[in-house]
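Q: Protein chains in written order, with my numbering: chain A, 589 to 857; chain B, 423 to 671.
Treat the hints with care, as some may be off.
What the hints assert, rightly or not - Label-pair distances were calculated between CB atoms; the ranges are:
1. B:Gly464 x A:Leu696: 47 to 57 angstroms
2. A:Ala673 x B:Pro491: 29 to 39 angstroms
3. A:Ser684 x B:Gly559: 35 to 45 angstroms
4. A:Ser674 x B:Lys609: 28 to 38 angstroms
Simulated from the structure, these hints should not be mistaken for lab results.
We treat Cβ as the ideally placed atom computed from N, Cα and C, and that holds for glycine.
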Amino acid sequence: MRNAIMAGALVGALCAVLGTFVVQRDMAFVGEGLAHAAFGGVALGLLLDLGVRFSVSWLGPIWVAVPFCAAVALGIGWVQNRGLASESTAVGIFFSVSVALGIVFIYLRTTPAGDLEGYLFGNILAVRRADVYAAVALAVIVGTLMGLTWTKMAYIAFDRTLARLSGIRVEALDYLLLVMMSAVIVLSVRTVGVILVSSYLIIPAATARLLGGSLMRMTLKAVAIGVLGSTIGLIISFYVEVPSGATVILTLAAAFGGASLLANRRRSR
Amino acid sequence: MTDEQILKVEALAVRFGERQIFSDVTFHVCRGEFCCLLGPNGAGKSTLLKTLLGFVEPHTGTASVLGLPPGKAGKRVGYVPQLKSFERSFPASVLELIVANLRGAWPITVTAAEREKALKALAQVKGEKLIDRPLAGLSGGETQRAFLARALVTDPEVIFLDEPATGVDASGREDLYDLLHAISADKFLAAVMVTHSPAAIARTAEKIVLIDGTVRAFGPPGELLEGGKLFAMMGLGKSKDPHAVPEEG
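Input sequences plus hints: build the corresponding full structure.
A: Following this line, the structure appears as structure tokens:
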């Protein structure tokens, strides 16, 4: 359980930081699309079984899913930036293709499908030390990139035109955000599962938004909610023996419910 | 007002695929001049403004802003977007909005010097009290003051305004025209304003460009406003006294 809590807390924090931009820029559907791309990527990873092929124990399906998901994310960004389709249409197309490919990959496997259910719903018991190291490495990379680009990403979230006028490379940072989202989503799949991972991206940030404050304060609140929510949810999952994705998301949803009541009371005063 | 041309447009044309938005657009704006871009809906005014800001690539022709290609003059150019294009739910204060333009990135904290500059810019638009207010809670007129202060904070040499009175109520509009009139009186700062408003033209214009797919009229407002010629061309009906402020459409 300790591994799951450490990995879950780290990934929860990363999801919260990125989720603040996802919520502010109304990109929830993109998160949903990337979650489905993660399914396709995990299925491909299970099919290729690189860990067994190359006798490298830590080379799990996640390491195939990350580039797969990143490629889908860049595809969505490219289609949208070229004006070939709107964001929601591009996401819809890539999401369905990823799921369809995932189903094909699962059926192509000649050996049992491994922990597919764990990847779909989250499996706290399957989180190993290697996953914690992967989460730490990702946290360092995404954290550094965020540190370097947060003020520009925030300006883009406020207004793309004004950001562009200030010399910010809006399209390049869009692609970067999409790639970071894919990496974080894929890593979250271990604890939360593919089915619910997009909510992991959205709920902490949406809750923090209800509590108000500047964008930076919102981000910090979202991180606190993401970390606490995933820790409490994972502990509940361990003792109640229910898939961890469900307990984490229900815990976060309870936090959102509480914040909604608070915000509603403040508005009616 | 000098003769130095800070904005030069020659035979400019823009197409989106097969659709010609405008063609053969030629005009210029001198330092300190206030130029109004008018025309019916769909005439290409906003696209022309976006081309001059560097967002749209022209098909043919040339444009230069302060001697540089559009979009290259950085903080020497100010921009006030249309109110309707702005996302009100973003957690931003007026101070953050203004400082973001100073820094070219969203501020996490604001220095005392930046706050002072923001206050000075707000003082130019009589909006000092707005500095710590959240953008979401401002009226249309207050929001436009905030965006005007934002544009002025870098001491630009030219400012582009896209229908600044749209979405502003009647009393807010009057205050806005007063502010724009003061900008018009500034001999250093040039302005290009897309507008539908006869009142705005009357209060600010030192030059008018009438666009309808191409330039239909260009010059000082006096002769163009005479006999209601200009408003007739815009489909706004005759004005008997060209110097009277017509009612808002």
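Q: Next, verify each hint and record whether it holds.
A: Each hint tested on the structure:
Between Gly464 of chain B and Leu696 of chain A the Cβ separation comes to about 54 angstroms, which falls inside the hinted range of 47 to 57 angstroms. One distance hint, 29 to 39 angstroms for the beta-carbon pair Ala673 of chain A and Pro491 of chain B, holds here, with the actual separation near 30 angstroms. At roughly 42 angstroms, the beta carbons of Ser684 of chain A and Gly559 of chain B sit within the given window of 35 to 45 angstroms. Remark: the range hint 28 to 38 angstroms for Ser674 of chain A to Lys609 of chain B is contradicted by a beta-carbon distance near 46 angstroms.
In the structure shown, a violation is registered for the earlier hint numbered 4 alone.
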